[in-house]
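full-length UniProt numbering puts the first residue of the sequence shown at 1, with every later residue one more than the last.
Hints are computed from structural coordinates only; laboratory data are not their basis.
A couple of the hints might just be wrong.
Claimed, not checked - Keeping only pairs whose Cα atoms sit at most 27 Å apart, straight-line, the calculated DSS-like set for lysine-lysine is:
#1 Lys109 x Lys54
#2 Lys169 x Lys113
#3 Lys114 x Lys169
Computed from a predicted model, the values in this text were never measured in an experiment.
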Amino acid sequence: EENDEGEAKIDSDRTKGEQEDQQKQEDIVPEKNEGIEDREKEEERQKVQNTSLKVLSMAGNFLDDEYLESLLNIFPSQTHQSTSKENPRFSQLEELTLLGNRFSNHGVKELLKKLPRFPYLQRLYLGYQRAPPAKGPIGMPPAILSRMIASNPTLSDRNTQFTPGSLRKEFVAAVSENPRNFLLTDLNFM
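The whole structure should be built from the sequences, with the hints applied where relevant.
Shown next as C-alpha cells:
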C-alpha cells in the first residue's frame, strides 16, 4: 500500500509539473505574438511611402521590370487610404513618364494592375522601350533558354520587349473599367 501511495504521489507531482510547464509555454506564446506584431508595426512605420509627389519622370535610364515594381511599391495601395484631407494616404501623382527603359510586357502589365494606386494620374508616357535583359537561370546555354521561354508564357512575357498592341485588353481594362482611373486623360506611346 505504501508503494501504491508513493506512486500516486509521484504521478500527482508529475501532473502538477506538466501543468506548470504547459502554463509557462502558454505564457510565452502571447509574448512571441506581441513581439511579432510590434516588429510588423515598426516595419510599417519605416516603410518608404510617398503621397505628395505629383510628377515622376524615369526616362532613358534603361530600368528593368524589378526596378519598376520596387518603384511602384513606394506608393500606398488602396488598402492604406485615409479620408482625412490633412493627411492623405494615397498617391497625388498626376504624371508618370517611363520612356527609354527596358520594360517587358510583364512589367507594363504590373504597372497597369497598379494604376488604381494613382487616383489623380492624368498623364502616362510609355515608349522607346528596349529589349529587357534575358531572364533565366545564370549560365544556361542560350539555345536551352530560348526553348524554355517559348514553352512558358510567363517567362516569355518577362523576356518580350514591351509592345502596346500585345497588351490591348490590359490597357482597355486599366483605363476604362476602373473608376479610380477616370482622371487619366493622356496615355502616350512613342
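Verification of the hints:
no.	hint	in the structure
1	Lys109 x Lys54	holds (22 Å)
2	Lys169 x Lys113	holds (12 Å)
3	Lys114 x Lys169	holds (15 Å)
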